[in-house]
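Protein chains: 2
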Amino acid sequence: MVLKNLCSVKPEIRVLGVDDGKFVPHTNTQVLVVGIVFRGGYWLDGLLRTTISVDGIDATDKIASMITSSSHCKQLQVIMLNGITFAGFNVVDIKMLNKATGIPVVTVTREKPDLARIHDALENLPAGELRWRIINEAGAPSELETRDAGAKIYVQTAGIHKDDAQRIIRFTSTRSSIPEPLRVAHIIASGIGTLAQ
Amino acid sequence: MVLKNLCSVKPEIRVLGVDDGKFVPHTNTQVLVVGIVFRGGYWLDGLLRTTISVDGIDATDKIASMITSSSHCKQLQVIMLNGITFAGFNVVDIKMLNKATGIPVVTVTREKPDLARIHDALENLPAGELRWRIINEAGAPSELETRDAGAKIYVQTAGIHKDDAQRIIRFTSTRSSIPEPLRVAHIIASGIGTLAQ
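Protein sequences appear in the order of chains A and B.
Mapping of the first sequence onto the numbering used here: residues 13 to 209, in sequence order.
Mapping of the second sequence onto the numbering used here: residues 13 to 209, in sequence order.
Keep in mind that the hints were calculated from the coordinates and are not lab data.
Incorrect hints may appear among the rest.
The list makes no distinction among identical chains, and a pair is therefore deemed to hold if it is satisfied within one copy or across any two copies.
[Claimed, not checked] Here are the computed lysine-lysine pairs in the DSSO-like style, where the Cα-Cα straight-line distance is at most 27 Å: (1) Lys74 with Lys34; (2) Lys86 with Lys34; (3) Lys74 with Lys164; (4) Lys86 with Lys107; (5) Lys107 with Lys34; (6) Lys86 with Lys22; (7) Lys22 with Lys34.
For reference, chain A alone in the conformation it holds in the complex (with noise of 0.2 Å):
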């Protein structure tokens, strides 16, 4: 694992919000996926995109190779992911994405996953066990204060301290109690919506 110590984290560090967009659930669609790259918590400067399959296995490689394929990617000091899952059960193993990237990755929740129901809904799938093990492999999520000490979130984290993390995220979150990256990216890729006309 590529684990750095931001011990200088600035109010200029460029952060990447990941988001999904709308799907229709057990097809075999591609779903938008957009990255959103932020100067702080203050200054859109990008739009990363991808597409990703409803259910497939193709989420880690996507997201990686969206961002290493783009102009912004030297300058993007943390990944922040709207959870592990996209697209329905498209998991994305955070520890590759960082070992890909080079750069810390981050998931965050509103609400503390429910990892017995995401079990079980596994347990329909091709590939059940990988998806299993990848979310397991990424840690039990912690819980992390954001502005307001009354506003948790829930995190699983690659490649970066706890502490970093807990810096960062306080600080983007300049708007709500979620990150600022992440609010924005949530808002594109569900009103961009579907890809098809």
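Use these hints to put chain B onto chain A, whose structure you have.
The following block gives chain B in isolation, referenced to the frame of chain A:
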């Protein structure tokens, strides 16, 4: 014309920035148009989307419908367009857009529009005279200052006094000499690119 006197231009004013995505000229394809809702010059609050035809004549209707069908509509106080033509020469009738939505409209360009060149290009298109009349009726582009005294932009307006447009442009140009809703709409629309997979 619905001419609003925005005597109380507040920092949290909701502004929609509209821009189009990439497209291949002279094809019969649909082009993505996005509207980015900003609260003042800092916070992205929403995304609207529609599609229009390359060199078509549906931009005014499609953009008006995109706005009036949105939950953001009632809060929007200004529509900013990245120029008056979208998807090639799909011209927006800004007076009609103002009338259809009840919201003031401001087109913004960095360069002074070259009307002679546009006129020549329109001669080769169906409904060239109609397009030319719409452009002319939007009025001569006015030069305005943005946040830096040295940086000029050019605007055409419908339903808003020039000095109100000037004030709104100044305090929404928080990151560059282009109002933030338009800077971000450009990044999103061009980043999403073509709709085809």
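Evaluated hints:
For the identical chains of this complex, Lys74 and Lys34 are neighbours both inside a copy (17 Å) and across copies (22 Å), given an alpha-carbon limit of 27 Å. When the C-alpha separation of Lys86 and Lys34 is checked against a cutoff of 27 Å, the pair qualifies only between copies, where the shortest distance is 25 Å, while the shortest distance within a copy is 29 Å. Proximity of Lys74 and Lys164 under a CA criterion of 27 Å is satisfied in neither setting, with 30 Å inside one chain copy and 41 Å between copies. Taking CA atoms no more than 27 Å apart as the test, Lys86 paired with Lys107 passes inside one copy only; the shortest distance there is 19 Å, against 45 Å between copies.
Only within a single protomer do Lys107 and Lys34 lie at most 27 Å apart by alpha-carbon distance; the minimum there is 26 Å, versus 35 Å between protomers. In this homomeric assembly, Lys86 and Lys22 come within 27 Å of each other (Cα to Cα) only inside a single copy, at 16 Å, whereas the closest approach across copies is 38 Å. With identical chains, the CA atoms of Lys22 and Lys34 are never at most 27 Å apart, being 34 Å at best within one copy and 34 Å at best between copies.
Hint violations for this structure: numbers 3 and 7, all remaining hints satisfied.
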